[in-house]
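Each chain is listed here by its residues.
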Amino acid sequence: MNRTVLLVGVGIAATLLGVLFIGLGKNPNEIRSPLIDRPAPTFALREVGTGRTVDLAQLKGTPVVLNFWATWCAPCWDEHPILVANAKMLPNVQFLGVVFQDEESKILSFLNQRGSSYPTVVDERGKTAIAYGIGGVPETFFLDANGVIVAKFSGPMSNEALQENLRKAFRR
Amino acid sequence: MMIVLLLLLQLKVPDAASFVGPPQGTPLTGQQLTQRAHEVSGLLRCPVCQGMAVADSPAEMAVNMKAQVHELLARGYTEEQILKYFELSYGQFVLLRPKFEGVNRLVWLLPIGALLVGIGLVFFKLRKLESQHVAPPAVDDPYVDRVRNLVRGDKP
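Heads up: the protein sequence lines correspond to chains A and B, in order. Under this note's numbering, think of the first position of the first sequence as 1, with each following residue one higher. Under this note's numbering, think of the first position of the second sequence as 1, with each following residue one higher.
If you are wondering where the hints come from, they were derived from the structure by calculation, not from laboratory data. Heads up, a few of these hints could be off.
To be verified - Okay, derived cross-link-like pairs now, DMTMM-like style, lysine to aspartate or glutamate, Cα gap no bigger than 20 Å in a straight line:
no. : chain 1 : residue 1 : chain 2 : residue 2
1   : B       : Lys12     : A       : Glu164
2   : A       : Lys106    : A       : Asp78
3   : A       : Lys60     : B       : Glu39
4   : A       : Lys26     : A       : Glu164
5   : B       : Lys84     : A       : Asp37
6   : A       : Lys60     : A       : Asp37
7   : B       : Lys12     : A       : Glu160
8   : B       : Lys12     : A       : Glu104
9   : B       : Lys12     : A       : Glu124
10  : A       : Lys106    : B       : Glu60
11  : A       : Lys106    : A       : Glu124
12  : B       : Lys12     : A       : Asp78
Said to hold, decoys possible - Partial list, computed: chain A residues near chain B (C-beta under 10 Å):
no. : residue
13  : Arg32
14  : Ser33
15  : Pro34
16  : Leu35
17  : Pro41
18  : Thr42
19  : Ala44
20  : Phe100
21  : Tyr118
22  : Gly126
Ideal Cβ positions, reconstructed from N, Cα and C, are used throughout, including at glycine.
My request is simple: use the sequences and hints to build the entire structure.
Okay, structure coming up:
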């Protein structure tokens, strides 16, 4: 085989393997969102069950865990008990659920069956989800006390991921 | 009815103005609005589909995004502002046509570079083949000698 062709082939293969190797080292759940280090887009949405308005701006002063979810999303079922338990254990953190592409009756039924310890609001036409760059659920944003987004986590939340990302929110 | 209206007035969704400022274009209406909404949605990637444009996807997320494009055009936002708004939320991933900047330049330049290198290699190889002197094979065969003489017009 021609030596030059062999060298070029080996070079291309090594480059591709290098790129793959770099990708393997990354956590697919930790998404680099363009919103990180920027003020969280503000919204005031209707709370499921009570009908009262929950305004994100009014939650300033405390770190916020903003969880986008839906009842038709199986991984959301898995993370729900973790979020509920942590919301009970962490009174200095405000948890807020945002449900989109769903029906209120199903949300209420879900929360009644599986419990709730924090407010859940409805994103009627998905505008809030779009502003937050939601591609799928569950996705969770961590806001510091100033309302700045410090982290985005994609996929079902674990206790470890929650603690790790909350540390970022408290570090500010 | 009044209570419902008051409740709705209190509700607030994130506004594009907080991302890209006030509208810088002319509000569109009617057929022009529908057509531009389809064109601009065609430049956005549906985040829950496999390589489909928002304009072509029936997914609920894409339908919501297209509705948002429609609304922003009706409010007078320009195509650039709308694309910027989505880019600030989703990142450049949402743009079906990557921008010619930073590492993205490679997406445009590498295929052109590869093509030029290919053409160069073919040219180089052809020149090399042309310059090589190919000597006629020394064949000591009476049959071949006879054919050669015939071609030259000599008598056998």
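inquiry  = Against the 20 Å threshold, does the CA-CA distance of lysine 12 of chain B and glutamate 160 of chain A hold or violate the hint?
reply    = 33 Å, violated
query = At a threshold of 10 Å, is the proposed contact between tyrosine 118 of chain A and chain B supported by beta-carbon distances?
reply = Because about 19 Å separates tyrosine 118 of chain A from the closest Cβ in chain B, which is outside the 10 Å limit, the hint is violated.
ask   = Does glycine 126 of chain A pass the interface check with chain B, least Cβ-Cβ distance below 10 Å?
value = With a closest approach of 4 Å, the glycine 126 of chain A hint holds.
inquiry  = Using the nearest Cβ pair, does phenylalanine 100 of chain A come within less than 10 Å of chain B?
reply    = Result: holds, 8 Å to nearest chain B Cβ.
Agreement of hint proline 34 of chain A with chain B interface, Cβ distance less than 10 Å = 5 Å, holds
key: Per-residue hint verdict: arginine 32 of chain A, partner chain B, C-beta under 10 Å   = With Cβ-Cβ at 8 Å, under 10 Å, it holds.
ask   = lysine 26 of chain A and glutamate 164 of chain A: Cα distance at most 20 Å?
value = Measuring from Cα to Cα gives roughly 16 Å; hence the hint holds.
inquiry  = Given the hinted pair lysine 106 of chain A and glutamate 124 of chain A, is their Cα-Cα distance within 20 Å?
reply    = Within the cut-off at roughly 14 Å; holds.
query = Can we keep the alanine 44 of chain A interface hint, with Cβ of chain B closer than 10 Å?
reply = 4 Å, holds
ask   = Can the hint on serine 33 of chain A be confirmed by a CB-to-CB distance to chain B that is less than 10 Å?
value = 7 Å, holds
key: Hint consistency between lysine 84 of chain B and aspartate 37 of chain A [alpha-carbon to alpha-carbon, up to 20 Å]   = Judged against 20 Å, a Cα distance of about 18 Å means the pair holds.
inquiry  = For a C-alpha distance cap of 20 Å, please report whether lysine 106 of chain A and glutamate 60 of chain B respect it.
reply    = Since the Cα atoms of lysine 106 of chain A and glutamate 60 of chain B sit roughly 18 Å apart, the hinted pair holds (cutoff 20 Å).
The structure fails to meet hints 1, 3, 7, 12, 21 from the earlier list, while all remaining hints are met.
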